[in-house]
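Chemist: Now for the letters of each chain:
There are 2 protein chains.
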Amino acid sequence: MSDEVPLDGEPADTHEAIMMATFSALRKHGYPGISIQRIADESELTKSTFYHHFDGKDDILLSFVRYMREYFERGYRIESTGDPVGDLRAFVTVSLGEYPGPDGTPNPEARLSTYLELRAQAIQNPAFRSEFTELSAALVRNLTDIIETGVGQGVFTVNDPAATAEYLVATIEGINLQQTTRTDGPRTMLQESLERYIRTEVLAEDVSF
Amino acid sequence: MSDEVPLDGEPADTHEAIMMATFSALRKHGYPGISIQRIADESELTKSTFYHHFDGKDDILLSFVRYMREYFERGYRIESTGDPVGDLRAFVTVSLGEYPGPDGTPNPEARLSTYLELRAQAIQNPAFRSEFTELSAALVRNLTDIIETGVGQGVFTVNDPAATAEYLVATIEGINLQQTTRTDGPRTMLQESLERYIRTEVLAEDVSF
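Going line by line, the protein sequences match chains G and U. Counted from 1, the first sequence has number 173 at position 173 by the working numbering; the numbering is strictly sequential. Counted from 1, the second sequence has number 73 at position 73 by the working numbering; the numbering is strictly sequential.
Calculated directly from the structure, the hints in this document are not laboratory data. Glycine residues also receive a C-beta, built at the ideal position from the N, C-alpha and C atoms. You may find that some hints are simply not true.
Capping the alpha-carbon separation at 25 Å, the derived lysine-lysine pairs in DSS-like fashion look like this [stated by the list, open to error]:
1. U:57 - G:28
2. G:57 - U:28
3. U:47 - U:57
4. G:47 - G:28
5. G:57 - G:47
Covered by chain G, per the in silico footprint, the following chain U stretches (three or more residues, Cβ under 8 Å) [claimed, not checked]:
6. 25 to 39
7. 76 to 85
8. 112 to 119
9. 151 to 159
10. 175 to 188
11. 191 to 204
Can you make the complete structure from the sequences, with help from the hints?
Modeler: Shown next, in the form of structure tokens:
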């Protein structure tokens, strides 16, 4: 899979082509309207190529959830700075969908919307639930590492890095849920409150964010 | 509409019967599998009664979103104490779905799951988005009132009650999203972090929660 053209540009291989077609089809039709035919329609591949690679619609969508997770991790790697304060900022920026992709990349709202629409399938569908449990654990582990590094360096004052990471991830996903399900776009206001929380509850006293 | 038997017991009228059938059908089939026939199957009403009251499936579901909002407000009224600290606790308890209903009432997880599954429709469907924008505004207004009362009485120290209310609502919905889309049930841990936030960022120094 290419490291350079996630969700846009020329697909590096058939798997990436299928993932990009899945994203386009989800944007056009939403989860309730998705079908293998409609995913195939967004690509230059035939329907039988899809059946050759996947067991069915949900199998493709579950693979797409893993693809989104890699996409997030790639965005985070590009934005991260190596110091824990910068890495925390990068984590927040990328989690709020604000990672600026190259021209032609889906906008942040499109990425977050698709992510949350699939996440909502986890409410009823055990396979999605299992996939999002793993995805959440990976995000929390990633953020816990950043916080532990910062505590070790004395730039963060946090008693329980794992609990703080869980809470931050939940809050960020709550902000994204508000942003993608309301017409009044509350993200800027919510992001300011989140940053205030980070300054008062995470950072050591003389550290700026 | 009865004030006593929300989402369970004997429906007070046809509208309530339709709402209760909608809830059952959503629990059984999820949004993608919902149809008027399947809603009718959960009631003693005929399909034509549904068409007499509603324009179609989405019209019933939008009405159900308003019903859930009334259900929340009823739960909050029952739990609220009249003092701002108790009211804040009641708001958090009810928002996390922990309002204990009478026997036969759907469990908290079932209520939250249905709420979030419908909320996810707002990502793609403008009518749902408009409905959830109003619902969110009502929740935030309600919580802002509680915080302003607490600030007035000197039990809360908050500079911007509306921003704090927005942030708390987003965080609570993020906690509910984690709880309903993961298998590892992180609510207890997240709720403790939320209560710590309220103690350090909302309550005046000598006030307990």
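Chemist: None of the hints should be skipped; say for each whether it holds.
Modeler: Taking the hints in turn, this is what the structure says about them:
no.: 1; hint: U:57 - G:28; result: holds (21 Å)
no.: 2; hint: G:57 - U:28; result: holds (21 Å)
no.: 3; hint: U:47 - U:57; result: holds (11 Å)
no.: 4; hint: G:47 - G:28; result: holds (18 Å)
no.: 5; hint: G:57 - G:47; result: holds (11 Å)
no.: 6; hint: 25 to 39; result: holds (count 3)
no.: 7; hint: 76 to 85; result: violated (count 0)
no.: 8; hint: 112 to 119; result: holds (count 4)
no.: 9; hint: 151 to 159; result: violated (count 0)
no.: 10; hint: 175 to 188; result: holds (count 9)
no.: 11; hint: 191 to 204; result: holds (count 6)
Of the numbered hints given earlier, the model fails hints 7, 9; all others are met.
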